[in-house]
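*Asks:* As given, the protein sequences belong to chains G and S, one line each in that order.
Position 217 (the first sequence) corresponds to 217 in this note's numbering; numbering is contiguous.
Position 106 (the second sequence) corresponds to 106 in this note's numbering; numbering is contiguous.
These aren't lab readings, by the way, just hints derived from the structure by calculation.
Keep in mind the model is a prediction, meaning the values are calculated, not measured.
Every residue gets a Cβ at the ideal spot worked out from N, C-alpha and C, and that includes glycine.
Any given hint could be a false lead.
If you anchor each label on the Cβ, the simulated ranges turn out as follows [stated by the list, open to error]:
1) S/Glu17 with G/Asp544: 50 to 58 Å
2) G/Gly629 with S/Pro18: 40 to 48 Å
3) G/Arg536 with S/Asp15: 36 to 44 Å
4) S/Leu11 with G/Ser213: 33 to 41 Å
5) S/Gly154 with G/Met532: 27 to 35 Å
6) S/Asp15 with G/Ser213: 30 to 38 Å
Quick list of in silico lysine to any residue cross-link-like pairs, SDA-like style, CA-CA up to 20 Å [unchecked claim]:
7) G/Lys15 with S/Ala69
8) G/Lys15 with S/Glu82
9) G/Lys783 with G/Asp655
Some but not every residue of chain S turned toward chain G, in silico, with C-beta under 10 Å [unchecked claim]:
10) Lys2
11) Thr33
12) Glu40
13) Ala69
14) Ile74
15) Gly76
16) Leu83
17) Leu96
18) His139
Here are the chains, one letter per residue:
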Amino acid sequence: MTITMSQVGGIVRRKEDPALIQGRGVYVDDIKLNGELTVAFVRSPFARARIRSVDTSAALAIPGVRAVYTIDDVRSLGPLLAQIPIGKLRPLLADGVVNHVGEAVAMVVAQDRYQAEDAAEAVLVEYDQLPASVGLKFSATDEVKIHDDLESNILHTWVSHDWWPGVFELEDYRPAIAAAKERDDVVIVSQEMVNQRLIPVAIEPRAVLADWSHGYDRVTLYTSSQIPHAVSGAIAKTFGLPVNAVHVIAPEVGGGFGCKLNVYPDEILVCFASHQLEAPVRWTETRREAGYSTIHGRGWIGTATITGTKDGEILGYELDAMADMGAYSQNLTVAIPVLGLYAASGQYNIPVEWTVKCVTTNTQTTDAYRGAGRPEAAYYLERAIDMYAAEIGMHPGDVRKKNYFKKEDFPATTPIGLTMDSGDYITTLDKLLIDADYAGLKEMQAQARSEGRYIGVGLSSYVEVCGFGPSILAEFGFGWDGYGLPTSFSGSGLVRINPDGSATVFIGTGPSGQGHETTWAQIVSDRLGIGMERIRVAHGDTSDAPYGIGTFGSRSAAVDGTATYEAAEKVRSKAADLVAHMLEASAEDIRFADGGAHVVGAPGHTVTWAEIAEVAYKPHKGPEGIEAGLEAHAMFSPGNATWPFGSNIAVVEVDVETGNVDILRYVAMDDCGNVINPMIVDGQLHGGIAQGIGQALFEEAVYDPDGNLLSTSLVDYPLPTATDLPMFELDRTVTLTDVNPLGVKGIGEAGTVGSAQTIVNAVVDALAPLGVKHIDMPLRPKKVWQAIQDAQEA
Amino acid sequence: MKVSMTVNGRLVNGDVEPRTLLVHFIREELALTGTHIGCETSYCGACTVHVDGEATKSCTMLAVQAEGASITTIEGMAMGDELHPVQEGFWERHGLQCGYCTPGMIMSGAALIAANPSPTEDEIRHGIEGNLCRCTGYHNIVKSIEYAAAKARGETPPPADWEEAVV
Chain G
1 MTITMSQVGG
11 IVRRKEDPAL
21 IQGRGVYVDD
31 IKLNGELTVA
41 FVRSPFARAR
51 IRSVDTSAAL
61 AIPGVRAVYT
71 IDDVRSLGPL
81 LAQIPIGKLR
91 PLLADGVVNH
101 VGEAVAMVVA
111 QDRYQAEDAA
121 EAVLVEYDQL
131 PASVGLKFSA
141 TDEVKIHDDL
151 ESNILHTWVS
161 HDWWPGVFEL
171 EDYRPAIAAA
181 KERDDVVIVS
191 QEMVNQRLIP
201 VAIEPRAVLA
211 DWSHGYDRVT
221 LYTSSQIPHA
231 VSGAIAKTFG
241 LPVNAVHVIA
251 PEVGGGFGCK
261 LNVYPDEILV
271 CFASHQLEAP
281 VRWTETRREA
291 GYSTIHGRGW
301 IGTATITGTK
311 DGEILGYELD
321 AMADMGAYSQ
331 NLTVAIPVLG
341 LYAASGQYNI
351 PVEWTVKCVT
361 TNTQTTDAYR
371 GAGRPEAAYY
381 LERAIDMYAA
391 EIGMHPGDVR
401 KKNYFKKEDF
411 PATTPIGLTM
421 DSGDYITTLD
431 KLLIDADYAG
441 LKEMQAQARS
451 EGRYIGVGLS
461 SYVEVCGFGP
471 SILAEFGFGW
481 DGYGLPTSFS
491 GSGLVRINPD
501 GSATVFIGTG
511 PSGQGHETTW
521 AQIVSDRLGI
531 GMERIRVAHG
541 DTSDAPYGIG
551 TFGSRSAAVD
561 GTATYEAAEK
571 VRSKAADLVA
581 HMLEASAEDI
591 RFADGGAHVV
601 GAPGHTVTWA
611 EIAEVAYKPH
621 KGPEGIEAGL
631 EAHAMFSPGN
641 ATWPFGSNIA
651 VVEVDVETGN
661 VDILRYVAMD
671 DCGNVINPMI
681 VDGQLHGGIA
691 QGIGQALFEE
701 AVYDPDGNLL
711 STSLVDYPLP
721 TATDLPMFEL
731 DRTVTLTDVN
741 PLGVKGIGEA
751 GTVGSAQTIV
761 NAVVDALAPL
771 GVKHIDMPLR
781 PKKVWQAIQD
791 AQEA
Chain S
1 MKVSMTVNGR
11 LVNGDVEPRT
21 LLVHFIREEL
31 ALTGTHIGCE
41 TSYCGACTVH
51 VDGEATKSCT
61 MLAVQAEGAS
71 ITTIEGMAMG
81 DELHPVQEGF
91 WERHGLQCGY
101 CTPGMIMSGA
111 ALIAANPSPT
121 EDEIRHGIEG
131 NLCRCTGYHN
141 IVKSIEYAAA
151 KARGETPPPA
161 DWEEAVV
């Protein structure tokens, strides 16, 4: 179904913005409660050590200090809960051993943060240092086995043809690919590549504030989270409470990007301390400790191999990789590679064999970071395809087109048995090649080369799988069962017409910058004809929102947006009965627009929403027997994920004297189905692309061999600044999906999934005349310069 | 230590530890929470305020160093209901997503166009280089400041990307 109504598809200034641009938005750290106390953590300086003793006496003697807690105080609460409990679960505080630098050993609670930090310095911890296991290849040898109670540092191995035993019967492509390799008309390209570990760096550090009410026997937790309902479940399960005794509020969330899609020990610990000390307890992460206390992302090394004919037919794509899980498994840690597996074949109808080993190391936990597995998948595949195209001397666009699923193939089944809803990949790529003037760029490149300048043109395609998701995936672990909430990833929305005719929309998902308040108001305004200014969208508060899964995996619009659309439909249906009664017309003839309703063909025959609401709340004025009130809740459980896609082109110039990379142009052609607010969709792409460029050029979480995190500040972990990025040139195609009635697919991660390899492909293209075939990210000047020297020497 | 300064046109007094950062004084003592903290190395710029008209990262200053100074925070930018042109620009050109870097970004943008009423794209990018945004890729922030600069000059702002794209 195509949505062609006034608000959906329109540019609407955001409802969120007036507060935020005036400094009047409220984030967790802006909330103050009477008598609150503040936490500082004592953190391990060692990557792996036995804790001999913890002496808190000096800390407790500091004025203002109320308590110092260790694992002995909280062991009975059990470890931190996780969805996929493969690997070692994280103890709430270090239990006898520490397993990464920065692991919290003790928690100090004091009257203010300055005192708490002083006291944390005064806690004396004696350690016996143990050898650490850092680096995937080393850790996978089990030479230093990290956890005594686990068999191996290799926690699990995901294999594409057997990723969900008992559910999918899949072809093992290994024999076919092995046979193809024996053919004499094939070429084989193979490259080991690093997809480096990243630190998410939401600009708002995480912050928590707990207020345990002994009088009302419930706890309120303010937390900067993408998943407030899941957090409430985890707290309830941990403390043995019913979930309705835990009230979680995520107010403004200053960026999430997946790192706030987790339940963290601090969220549990401040509740514990608030209960013990009978006072509100707060903790706000510093940027430095965010490297220790918030999850990291990516961290893969793998060898990608393409076997294909000399005229561009790919006969097999293999990836043999390891993914760094860090020391402890949290929410979805070990499942992140599966999300990559979902997108392993990209836009291509090719045989795929993937093996990803999940390896524990003495480092911070990894989990979902924008794209979560899918950027890694796209990176390996699209780098390998570019190498293959270069090897056989074929246009990189032509190689891709030759192997794409074609429009008529949809719905298309991927090699791992999933069904892609819709796609028209060639149209999108062709439009991109024309928009960017690919042919002209290659001419410009040739001209530049003749002048001694190194310009590169990089192309890549991606498929994102998002809109999670189908209820059946809860059986795999994509639900909140681990947090004591037996659920799937369904969406929810509640639309309430208030007695004055305004509307309040309660949603089960919430923004961390994505503009939900605006987009959801557009959906409801469209269905009901209520003005945007008369609609308030409420989110992030578990006591008033319908049960909700949260914001991640580019799922909100496609799943919760659809639920809200369906709730609005229910309201519309009942309101039509009311208006039919009021205007003495047939309900089928009632239309909603311009702040009220009218009879079709008789636009003068109108009632306002205030008048409709009055009849709803005074049922004696309505049709005989009608129930009072006017609100509806709907949940939506999609039958499939959605599969947005697109292709990107980057144009870069490399200074071969310094290794510096300049991005001259970045052109993206994305297809996310229907677009509710093009301004917001483009904004999601801008930010997503910037994060992919950050990975390509700048960002890397670096551990030394002893497990010290060397990149804990924004000086050592450089994000892209305004001078590093170009204006982005965006355009789109629209291929609808029938997975949901809005026809929307999701856009939150597409920019990130599509961009890193586009940049690397461009840099390698620039340096091809110098013999450079690959450089591992991040492509900082020194590394690029070194790659040029190495290629020249070779 | 006693400290006094003018904040958003109002004379304020405080009694602070010498080590108290200006940003903590603004947030905790004055309850002006629009000034944000995103790091502790003066790198992210979320805490940017104007000190005697200069865009300054308020985590780099002690409160006592601001003795006698005139401070403007994001809360002091609008004149009643009338937004500052940079605030208006951010709203009109989708210059913010999560909003966390936004106050600092607006303060830097306002200082930039006060010093240079007609900045080029390149000058805008350099002017906000000390402010990090993780959401927008800066594209719409640059557009927002271009809008604001035009408004402040009394000119019609350049069209939005989407005004060009959408009929």
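*Asks:* Hints first: check each against the structure and report whether it holds.
*Replies:* Each hint, compared with the structure:
no., hint, in the structure
1, S/Glu17 with G/Asp544: 50 to 58 Å, "violated, 40 Å"
2, G/Gly629 with S/Pro18: 40 to 48 Å, "violated, 60 Å"
3, G/Arg536 with S/Asp15: 36 to 44 Å, "holds, 41 Å"
4, S/Leu11 with G/Ser213: 33 to 41 Å, "holds, 39 Å"
5, S/Gly154 with G/Met532: 27 to 35 Å, "holds, 30 Å"
6, S/Asp15 with G/Ser213: 30 to 38 Å, "holds, 33 Å"
7, G/Lys15 with S/Ala69, "violated, 35 Å"
8, G/Lys15 with S/Glu82, "holds, 17 Å"
9, G/Lys783 with G/Asp655, "holds, 12 Å"
10, Lys2, "violated, 18 Å"
11, Thr33, "holds, 4 Å"
12, Glu40, "holds, 6 Å"
13, Ala69, "violated, 19 Å"
14, Ile74, "holds, 3 Å"
15, Gly76, "holds, 9 Å"
16, Leu83, "holds, 7 Å"
17, Leu96, "holds, 6 Å"
18, His139, "holds, 4 Å"
The structure fails hints 1, 2, 7, 10 and 13 (numbered hints given earlier, in ascending order).
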